[in-house]
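A.B. asks: Based on the provided sequences and hints, a complete structural model is requested.
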Amino acid sequence: MTMRNYGWIAVILAVLAASGGAAAQEVFTLEAAVRLALEQNEDLRGARYGLVVAQQQASEARSDLFPKIDLNASYARNVLVAENFLPAFIFDPNADPDDLVPVRFGADNVWSTNVTVEQALFKPSVFVALGAAGRFENFEQETLRGRTQGIVTQVRLLYYGLLLAQEQARLVENSVQRVRKSLHDTRALNKAGLVADYDVLRLEVELGNLEPNLFRAQNSVAQARRELGIELALDNLDGVRVAGSLAAIDLDDFEANSPENREILAFSNWATEPLTEEVKSAAREDRSDLRQLFFSEQLRQSELSLERVQYLPEIVLFGSYGILAQQNGNPAFFGRSEQRTNSSQVGLRVTWPLFSGFSKDARIDQRRASLRQAEAMSRVARARADSEVETIWDQMLEARARADAQHMAVQQAHRGFDIASAQYREGLGSQLELTDAEVALRQSEFNYAQAAYDFLVAQANLDLAVGSVPMVDSGPLASRLQ
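When the count follows the working numbering, it moves up by one through the sequence shown with no breaks and lands on 498 for the last residue.
What the hints contain is simulated information worked out from the structure, not anything from laboratory work.
Computed from a predicted model, the values in this text were never measured in an experiment.
Straight-line C-alpha distance at most 20 angstroms; calculated EDC-like pairs for lysine to aspartate or glutamate:
hint	residue 1	residue 2
1	Lys84	Glu330
2	Lys197	Asp452
3	Lys207	Glu442
4	Lys197	Asp434
5	Lys139	Glu319
6	Lys197	Glu220
7	Lys296	Asp489
8	Lys296	Glu404
9	Lys207	Glu220
10	Lys296	Glu406
11	Lys197	Glu222
12	Lys197	Glu442
13	Lys139	Asp80
14	Lys296	Asp402
15	Lys139	Glu76
16	Lys376	Glu330
17	Lys84	Glu134
C.D. replies: Following this line, the structure appears as structure tokens:
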């Protein structure tokens, strides 16, 4: 590919940038992006429906504490009334004992209405099920909290990733502009006979290598925008813009930052100090995955208790009231009073399962094994949580140290590039020295942005690891998730 082809790439990039600026764009701060994701994310909506199901299951379990009242009503028309045979001597003492007489039982029309009432006086399974439903509701509540924490963290990571991609594109574009300027100056010096043709050729090659890199960097920005737009459930994925700059962020002086960068830094308030036991303890108590395992243990315990109470009797108070009416000929609703009869009863029913082929013992053993399995999973998860917190904390400290070192390196690289540029223009330095200075400046600027990105990512992961995510465990949303 010739240098001329790369010039056309530059023209295409300029057109794309101009068209992107004309399109409808919306600039999101970090808090606005997180808030929009919490309002529109489909995964979170699904988790909310799961909580509604759990709440209604708890209501269903409570319904067993109330009496059950049933009403049954029916009407039947006997096309052919059933007949049975009775000995004839019942009606005629002189009849042969072997003779039978057909007798019709019933009438053409039959109505019946029956009301039954049952109230459990002693039913242990009801109380165990009620406790299990409450625990399941707690489990779903914690599941919703964990999903919300995950969404907030994912938006933060995508937001930081877009900032890093933009920084990479900006740095490559700056390098392209600097090399173009150097190429312009070198061509002028070459015409004046002050530099060799090789210096011009070297800069043309460097520019040819940088322009495709710029195209790739801008593609990475577009991809990062689309990923964030999907998480925010936006229609215009390419129009997503975020506020803030990793290159301009100052991790040492909070007030020296722009309002957008201050909001980014204020989203997590972790200090780069040695890890304390209080942080580990908070992680064991507040991490959503550990709390979900805890509620899962409680559910397994409820299942075990539910199987055990199957050995106990159930006592139910019941009563019923019924009306039966029969009538021949054309139907008249419930006929006359002499064609109706009433019945009522009350009683106490005791049900005590005595033997069921050892199936209850087998189910109890199954539930006990499930409980032990849940307890083992919780112990392993707690150990991994401690290790994860320590690992992320070390990553955060390491990123902060790199950022401090790279901040100084950027300043030195700027100074070195200015010196190399001045010496080259005065004929005191070589084009190779200028290229090396430009590469060092670009690399140091990106290294600082990468370190700041790694620091912010570690903060976001640490918030999730200790179970204290901004806008989920604090603020108005937190009160709705309690």
